[in-house]
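Visitor: With the hints as a guide, bring the two chains together.
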Amino acid sequence: MSKESLPPMPNMPTTPERIIEEKGIDRTKEKEKLSPEQLEARVQELMDLSAARAEASKHVRESWGGLTKTEREELEQKGDDAVAVQFDALKVDPELAEFSESVLAEYDTRIQELGSNPKVMEAYSERFEGMKDALAKVLEYEHLHKELDAITSSEKKLRLMYEKVGRSPGPIERTKLTDLAKRKEELQKEINVFELDAASIDMLRRREVRGMQQDLERYNFAETESRTELIREVLPDLLHGAPILFQGETGSGKTQLAKYISHRFLGHEVSPISISEQIKESQIMGRVTLKEGATDFLYSELVKSMKEGRPVIMDEINLMPHEFQGILNEIFQLRIGSTWKHPSTGESIKIAPGFVIFATANLKSERYKQRYELDVATLRRFIGGAGAREIHYLDLGKKSKEGEYIAPETLKILASVLADRNGNITWDEKEASQKLDELKRFVGACRKIQEDFTLSVREGSEDSLARGDKLAFKELVITLKDQIEIMKAWKASGFVEPLESIVLREFFRKAEISGRAAKDRENMVKVFMANKFFKDTDPEDFNIQGLSSKTVRQWQGKE
Amino acid sequence: MPFEAYKIYEEYEPDKYKTSTQKKVEQALNSAKKEGLVPEGKEASIEFEEAREIFGKDFLGPEAAEATFGVELSQDEIEQIEEIPFSREELEQAKQLGMMLVLRVPRIGKDKNAKSFSINSVREAFKDDDKLGDPKKKKSNIFYDQDWYDNESFAAQDTPSLGWGLVMKEVLQESRSKNWDEQEEVLKAWAKENNIDPSKVRRRKPVEIIYDTLLYYGTNKESLLENSYDWTGVQSSDGHFVFVGVFASAGLLVLSDTRDRTVSILGVCPSR
Numbered sequence: 001m002s003k004e005s006l007p008p009m010p011n012m013p014t015t016p017e018r019i020i021e022e023k024g025i026d027r028t029k030e031k032e033k034l035s036p037e038q039l040e041a042r043v044q045e046l047m048d049l050s051a052a053r054a055e056a057s058k059h060v061r062e063s064w065g066g067l068t069k070t071e072r073e074e075l076e077q078k079g080d081d082a083v084a085v086q087f088d089a090l091k092v093d094p095e096l097a098e099f100s101e102s103v104l105a106e107y108d109t110r111i112q113e114l115g116s117n118p119k120v121m122e123a124y125s126e127r128f129e130g131m132k133d134a135l136a137k138v139l140e141y142e143h144l145h146k147e148l149d150a151i152t153s154s155e156k157k158l159r160l161m162y163e164k165v166g167r168s169p170g171p172i173e174r175t176k177l178t179d180l181a182k183r184k185e186e187l188q189k190e191i192n193v194f195e196l197d198a199a200s201i202d203m204l205r206r207r208e209v210r211g212m213q214q215d216l217e218r219y220n221f222a223e224t225e226s227r228t229e230l231i232r233e234v235l236p237d238l239l240h241g242a243p244i245l246f247q248g249e250t251g252s253g254k255t256q257l258a259k260y261i262s263h264r265f266l267g268h269e270v271s272p273i274s275i276s277e278q279i280k281e282s283q284i285m286g287r288v289t290l291k292e293g294a295t296d297f298l299y300s301e302l303v304k305s306m307k308e309g310r311p312v313i314m315d316e317i318n319l320m321p322h323e324f325q326g327i328l329n330e331i332f333q334l335r336i337g338s339t340w341k342h343p344s345t346g347e348s349i350k351i352a353p354g355f356v357i358f359a360t361a362n363l364k365s366e367r368y369k370q371r372y373e374l375d376v377a378t379l380r381r382f383i384g385g386a387g388a389r390e391i392h393y394l395d396l397g398k399k400s401k402e403g404e405y406i407a408p409e410t411l412k413i414l415a416s417v418l419a420d421r422n423g424n425i426t427w428d429e430k431e432a433s434q435k436l437d438e439l440k441r442f443v444g445a446c447r448k449i450q451e452d453f454t455l456s457v458r459e460g461s462e463d464s465l466a467r468g469d470k471l472a473f474k475e476l477v478i479t480l481k482d483q484i485e486i487m488k489a490w491k492a493s494g495f496v497e498p499l500e501s502i503v504l505r506e507f508f509r510k511a512e513i514s515g516r517a518a519k520d521r522e523n524m525v526k527v528f529m530a531n532k533f534f535k536d537t538d539p540e541d542f543n544i545q546g547l548s549s550k551t552v553r554q555w556q557g558k559e
Numbered sequence: 001m002p003f004e005a006y007k008i009y010e011e012y013e014p015d016k017y018k019t020s021t022q023k024k025v026e027q028a029l030n031s032a033k034k035e036g037l038v039p040e041g042k043e044a045s046i047e048f049e050e051a052r053e054i055f056g057k058d059f060l061g062p063e064a065a066e067a068t069f070g071v072e073l074s075q076d077e078i079e080q081i082e083e084i085p086f087s088r089e090e091l092e093q094a095k096q097l098g099m100m101l102v103l104r105v106p107r108i109g110k111d112k113n114a115k116s117f118s119i120n121s122v123r124e125a126f127k128d129d130d131k132l133g134d135p136k137k138k139k140s141n142i143f144y145d146q147d148w149y150d151n152e153s154f155a156a157q158d159t160p161s162l163g164w165g166l167v168m169k170e171v172l173q174e175s176r177s178k179n180w181d182e183q184e185e186v187l188k189a190w191a192k193e194n195n196i197d198p199s200k201v202r203r204r205k206p207v208e209i210i211y212d213t214l215l216y217y218g219t220n221k222e223s224l225l226e227n228s229y230d231w232t233g234v235q236s237s238d239g240h241f242v243f244v245g246v247f248a249s250a251g252l253l254v255l256s257d258t259r260d261r262t263v264s265i266l267g268v269c270p271s272r
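Here the protein sequences come in this chain order: X and L. In terms of the numbering used here, the first sequence has 461 at position 461, counting the first letter as 1, and numbering is strictly consecutive. In terms of the numbering used here, the second sequence has 264 at position 264, counting the first letter as 1, and numbering is strictly consecutive.
In short, the hints are calculated from the structure, not lab data. Heads up, the beta-carbon is just placed ideally off N, CA and C, and yes, glycines get one too. Heads up, some of the hints might be wrong.
[As the list claims (entries may be wrong)] With beta-carbon atoms standing in for the labels, derived distance ranges:
hint : chain 1 : residue 1 : chain 2 : residue 2 : range
1    : X       : Ser276    : L       : Ala189    : 56 to 64 Å
2    : X       : Ala150    : L       : Ala189    : 15 to 23 Å
3    : L       : Lys136    : X       : Ile191    : 26 to 34 Å
4    : L       : Glu182    : X       : Gln545    : 48 to 56 Å
5    : L       : Leu162    : X       : Arg207    : 39 to 47 Å
6    : X       : Lys78     : L       : Glu182    : 54 to 62 Å
The following block holds chain L by itself, in its conformation from the complex (with noise of 0.2 Å):
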């Protein structure tokens, strides 16, 4: 793997190919952390239409799982996500940074259809065809055929839990090339880096990360995770952690590997 000659330098350009919005809002949480004002707990919750400004077509919220997943939230349910766990300027600051607004549902289908969110189940729901992407450039299957993981646990009974979620949308680039353990230094160095917590940075489930790339898909029929995988803290019945990815035309792969492992296109999404 060759090293890219900008590496040498771009550290002392971070602004360059930055939106004047994305500075502004740097400039505005580096001086309101300078002078206080964003302490490092809880801040004041946040309108979900605020939520869907800042973040534009990266806001997967209820009407978006209704029309990917057609599931329907229950009263108790919408009160449980009404309040978005994140600031405002913590919100500011992860779509500067890449990230999308995931709202989980831990259900597919609705009323006597509904069924709990495995990644068996979505597999069967997404089976004939791509009803998802752009009537124009459908893939040709959802899932890439597999059977390995049929019966492994992470496949048949994980499910995502209710609630927000912050996910970055490709693999950080600096965690490609990495096997597993040194990934999660590089975990904790974007997470200080960006001053934030590294205790609240995670990997991502096999679960959750399906769950994610389909509903992106489905709202607004774009791939994530085209050329790379998003590699689990999870591990299969043999050991091996799994990673999940590389959603071309062929369909979404599920893969595992030793964590000693290192590939260009197997880095790590940070979520929270």
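Bound-form chain X, shown alone (with noise of 0.2 Å):
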């Protein structure tokens, strides 16, 4: 198999260049002496301005659908309606349009300022080949990685393929096979020993930030190191079409995941079909229906996936009632080629590539005993025999060597979500370390929480809890989706408002309006304060029912 060949890095002008190429030089700079200080300072100066113009600039063009300032004047001045209609459905915030695109012409000025002085270009120029020295090993690093991945995913499919009773490679296949695994071989063995400077290192970790921003803003889900071992251990059965069942706690994301693998790795959005204790057949299988004065049947959304080749997502699947588990287990043991037969119209269907079924359920446990269990023979028939996969909060029960709770994976997700798109977050280097600080204390009671809520929907009994220092939370949790949007109001104040107000205000207050779970919330306060959270806060903002102001100032240690 022969290697696949990196594409040459383009050979793109800078963004001084760029700019000097369409204002012109600003004479009065050109001769300016500088001093070597003065000379580093302005590169400096200059790299900063160039990085953060990028950034302006994407947002600009993005809030009008991609354009820039001379495309949008140049389209209206053809004068075509259409234009103009679709600017107003845009629906941007005319003094917001203006702030923007003045901030972008500053940058401009400022960046042909200091590019127009030749030394400080020279410098600049030089300082940005290095850069490109870097992404271009980082871009290698990557590529490699892709490749391995790529083979891996295709020798396992293949090897899926002849596991079926009857099917053996031939000479031909069984050549293919021996390359697949002599390159990943050699690929791993490429990858073991490629040294990355810290340049290329620090440019690494950025983009795998970035990739984070993208995803959560794509699919509202961001992958980890766990859900990416996951994803590709369970890849090459999906693509099969075996089903696949994930078990957790309520907002462990274990939807969120299967709408992620659905769009990003079958390329399908994933089809609802909706489960509940008075679920007919008809919603399962279809109905008969008029249609121009004749019967006819109306196949229901899980078949229609079926002959159409779509994935289906069943959530909650353990409130399916009993009577309908001999039609699961039947359409569960499909796979992509097969033939079912349609009980009620007889037609044989013909499973299109791309069906696969995701169910979820909750966790077996005290909390929902009233519920009802999937059987064995139902559990058997998703991935992996034996039941299903658990998908659990991030990070989870996870310890560093020092026997301390850490929540890495947790962190990487609300680092992406604070960051900029260069991987850069606005705190200032003073502050930094009490922001960090403030953060990770805030990670820390969100894991105590989910780490006793979990407990709590298992075990239920408040005195065993009691026992083993855990509260009891009934119903209330902070998921990781609360914790992003935490996050997000967080930098939207541009971090000067303290986390705990904007943990207030966004989690709190909202729980409040919605009236719920008053004693798990009166629990929440204690876990944030035992993270140092709430020190002052008055006891009347909590407004939680009886909880009184009296035990909210002996818990801040006032009384």
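Guide: Structure below.
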């Protein structure tokens, strides 16, 4: 198997080069004499401005449907009504638009001033070339990983295909499999000895942050190590149409994970099949209807997905009444290419490529004991045979070598939420350590709540929880989604507002409006206080029924 | 100076971008330390060839010094440097940390042309042209055109001592944007983190930075400290602390500033 080659790096003009070309040289700055220090400071400023300008410009373009100011003006000058209507539909706030445009113009002016000095430009270009070298190395490294992932997945898929009874690889297929294995080994070796310098590692890490931001924007999901591992394990089976069951606590991201896999790896958005205790057979199989005076059979979303090759998701499958388990088990056995006879119409339906069932269920527990339990025969039909893939809160139970609880994957996602597109957080140098501490305490509190919630759901008894220094949470938990929303609000405040005010506003207030679980909220306050939050918060601000000001002050150590 | 988002979780994935050899070396070193197999003191000496094998292009021995600075070692000097004063484990760890092993010789040129290696003598030797780098990518100067330090004692008198040194090839990321005193703390923390006696970790002198940087450039045709300065503990006559670096096409810069200064490109390279 030949090694895939990496395309050459394009030789695009740099931002200052482009601006100088557009605006020309500022003659007043051209011959300015600079000391080495001044030169250094200006080159650094030019680097910072060029990076920030790209970010600012992207924001402006995005708010105008991807068009630059010049492109918009050209279109408007043509007087096309459709263009005007399109711009109106974008509903861009004129004040914000003007601010962004003027900021961009200021960037250009300063870049022009700095770039007009040839010494500054020369030093800038050299440094930029250095960055390009690092980028080339980074791309090469990423390329090796991507190729390895692709080969591993192909190899696994092929092996699975030949695991079927009656199929075995012939001499040509065997050679192909051997080639794949050989190339995989070569790539692994190359990766193992790939030396990265500090600049390349810095760039790789920033790209990872950016990748997560893009995934969050596009899929509302960010893939971290534990999820990547799980996806790698199940993907080959899913591609053959084997169903998968995700079991886990509420808000652990089961549905989101299914949607992500489906959209990203199977190329289709998942179609939801509503499951409830009152579900009717017609909702699973379809129903007779009248069409142009004659009776017709309208297939359900599930059957249509089988025929059209789309993935489906059955949330809370354990709510499905037992009477349907027989038919479901039959459907769970279907794979791409197999044929199924519809019980009502008698039509032989060939399962189209792309069909797969994602099912989710809450973990079997005290809390959900009233719900139907999936029988062993059903569980065995899902990927892995033994039943479900358990999806817990990210980092649940994870500890450092020293035995301290840690939340690396959660922190990684939250870091990408807090960062700008260049992977930087606008924390000032002096306040960075205090903000980082605030963030880690926040994640620590959320983890404790998730851990105790998980235990509460499983064990149920408050007494046994209390013995283990755990608090009972009956229905309320802070999920990763909640944490992301809190981070977004913190970032939007420019990190000026203390994190605890944001938590109070974005989580406690919202939970309070829904009037849910006063005792849960009270326990949450306790957990946050144990993590040094709310030390001076007015007890009235919590507004939790049954929680007296005196108690809060006692927790705060003020009484 | 913004805060890099990845710093929030970086500590949890220390091995993510290491090569398999780097990982193995670290594991072996840690387990040896746990079992008491690597005592604090000096280990058995290591042969040149072994050191060369460990460091690859980051081994800058007598041949490199001769090729770059035209210096020939006397028999006495060879005997003095025959023993590399670091154990195999220390060298393996150093390589993995991104350090180079440098033989410093206090002279430049040979026979009648031999001179003591000072910043001024080396500036004189390389004043005309870039004779060290890749002929296709020549720098316009080896030293940036500056005269402020002509008469400074660190430039006129200081020479490197004969012997081996281990030096980080680039400034520590965490030492950037720190003032001189904060960098001292960074150096201590770095030593502690890597189980190195902090008293053995030091800043280089300006003449050592210049020696090491040019030796690496002459040997590997690659510039170190291209976008950064290494801050020394040596003071110029006005009491400021000297720093050397930004070895770009216009040549190495030597500057100095007050100890409370913080700049993103001003860091420190730990050395032993």
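Visitor: Take the hints in turn and mark each one as holding or not.
Guide: Okay, the hints, checked on the actual structure:
no.: 1; hint: Ser276/X with Ala189/L: 56 to 64 Å; verdict: holds (58 Å)
no.: 2; hint: Ala150/X with Ala189/L: 15 to 23 Å; verdict: violated (41 Å)
no.: 3; hint: Lys136/L with Ile191/X: 26 to 34 Å; verdict: holds (31 Å)
no.: 4; hint: Glu182/L with Gln545/X: 48 to 56 Å; verdict: holds (50 Å)
no.: 5; hint: Leu162/L with Arg207/X: 39 to 47 Å; verdict: holds (45 Å)
no.: 6; hint: Lys78/X with Glu182/L: 54 to 62 Å; verdict: holds (59 Å)
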